[in-house]
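**Student:** Model the full structure from these sequences, guided by the hints.
Protein chains in written order, with the numbering used here: chain A, 1 to 115; chain B, 116 to 229.
Pairs of lysine-lysine, BS3-like flavour, derived with a Cα cap of 25 Å:
(1) B/Lys166 - B/Lys142
(2) B/Lys166 - B/Lys177
(3) A/Lys49 - B/Lys159
(4) A/Lys61 - A/Lys49
(5) B/Lys142 - A/Lys49
(6) B/Lys186 - B/Lys142
Think of the hints as simulated: they come from the structure by calculation, not from any bench. For clarity, every value in this text was computed on a predicted model and none was experimentally measured.
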Amino acid sequence: AQSVTQPDIHITVSEGASLELRCNYSYGATPYLFWYVQSPGQGLQLLLKYFSGDTLVQGIKGFEAEFKRSQSSFNLRKPSVHWSDAAEYFCAVNIRKSSGDKLTFGTGTRLAVRP
Amino acid sequence: NAGVMQNPRHLVRRRGQEARLRCSPVKGHSHVYWYRQLPEEGLKFMVYLQKENIIDESGMPKERFSAEFPKEGPSILRIQQVVRGDSAAYFCASSPEGTGSPLHFGNGTRLTVT
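**Tutor:** The following block contains the structure:
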């Protein structure tokens, strides 16, 4: 079965600093990969997705992620963090089957931003 | 266009009562998924439904939990005889049929069992 690992439970960065959130997946083939963000008390909002093609994908809010097949990773990055980026970030894997799409989520990384 | 609508946002039940959680998918979406989020954990898949059919319920507890997505009306997640361990946030997501599009999530229902 596929799995997703987010090794960092909490990360704190200063506003304006760069950010990288790690995500590793376990699956025999290349899955569809996603990053979602969840603000307190809210649902999940899609930041970006990777299906195929260019391994560096751009998302909303200035985020990007790079798929590295050799490392089974899909790390999320942002060059300059804003205070409003404080939230919880989830990496997810989608193994498409003929019967539908089912996401497997990592346990999340909670981002705090220092002023 | 309205997104995925879930109600109620907050639900408090005493042990032994029933909880009914509703989800109206994005207009035109015929695929609905339910996920559960426990404190400090990620989202866990529960069930996947299409109109009038349960496609995958591999994440549903075998007892007390059921889900439906009728031809008309919202999808319902029903938890009978709730216990404290059922306290969690329950999220519904929808997607268009067969497109592989990312899921659209609702804001969740936070169930508290006292």
